[in-house]
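S.K.: Please construct the entire structure, taking both the sequences and the accompanying hints into account.
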Amino acid sequence: MASTDVVDLILKDHRRMEDLFRTMRNAEADRARALREFADLLIAHASAEEDEVYPALRRYKNVDGEDVDHSVHEHHEADEALLALLEVEDTASDAWEDALEELVSAVNHHADEEERTLLNDARANVREERRAELGKAFLEARARYLKDGCGSVESVRARVAAAGD
Numbered sequence: 004m005a006s007t008d009v010v011d012l013i014l015k016d017h018r019r020m021e022d023l024f025r026t027m028r029n030a031e032a033d034r035a036r037a038l039r040e041f042a043d044l045l046i047a048h049a050s051a052e053e054d055e056v057y058p059a060l061r062r063y064k065n066v067d068g069e070d071v072d073h074s075v076h077e078h079h080e081a082d083e084a085l086l087a088l089l090e091v092e093d094t095a096s097d098a099w100e101d102a103l104e105e106l107v108s109a110v111n112h113h114a115d116e117e118e119r120t121l122l123n124d125a126r127a128n129v130r131e132e133r134r135a136e137l138g139k140a141f142l143e144a145r146a147r148y149l150k151d152g153c154g155s156v157e158s159v160r161a162r163v164a165a166a167g168d
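Take any residue in the sequence shown, count from 1 to its spot, add 3: that is its number in our numbering.
Heads up, none of these hints are tricks.
Derived pair list, reagent style EDC-like, types lysine to aspartate or glutamate, alpha-carbon separation capped at 16 Å: (1) Lys64 - Asp124; (2) Lys139 - Glu53; (3) Lys15 - Glu118; (4) Lys139 - Asp8; (5) Lys139 - Asp16; (6) Lys139 - Asp54; (7) Lys139 - Asp11; (8) Lys15 - Asp115; (9) Lys150 - Glu40; (10) Lys15 - Glu40.
Derived CB-CB ranges, DEER-like: (11) Val75 - Glu100: 24 to 32 Å; (12) Ala164 - Arg36: 20 to 28 Å; (13) Pro58 - Thr26: 30 to 38 Å; (14) Ala146 - Tyr63: 22 to 30 Å; (15) Asn29 - Glu69: 32 to 40 Å; (16) Asp151 - Ser96: 26 to 34 Å.
What the hints contain is simulated information worked out from the structure, not anything from laboratory work. Predicted model, so just to flag it, every value in this text is computed and none were measured. From the three backbone atoms N, C-alpha and C, an ideal C-beta is built for every residue, glycine too.
M.R.: Written as structure tokens, this is what we have:
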């Protein structure tokens with residue numbers, strides 16, 4: 004049976020994003036398809052974290068609220084980098100390659116920090132049953148965002164604009 008531990012679920016998404024980066028870096032691959040999947044996954048993942056996981060983690064005294072705030076800020080940076088890539092039409096262009104590397108840098112930096120801080124803190128300080136509850140809430144929120152086409156250029160543009168307000 005698949006784990007519902009929120010930490011495991013977030014890590015699984017991070018690994019899938021890494022796989023999609025490898026595909027998008029491959030000039031022989033269907034980069035546009037990989038980008039569509041990546042955009043949906045990134046936005047659904049970040050939105051579900053912000054809706055369900057981060058508010059819960061903020062309540063634990065051994066989880067640093069500044070780490071939560073920093074993670075939200077890094078989500079916004081990743082959103083901006085994703086939007087820049089989605090707006091480049093030619094997947095064989097230098098502009099696409101440059102925008103992809105900006106996105107890879109932003110997302111990998113965030114995932115690395117989140118894994119070393121928030122996720123380690125959550126595993127150490129949040130009981131297993133609560134992590135499973137958070138995992139279910141995370142999956143439900145993530146599924147709602149995916150159903151709504153959250154990774155479309157219009158949706159990402161709206162998310163970036165909302166973060167700027």
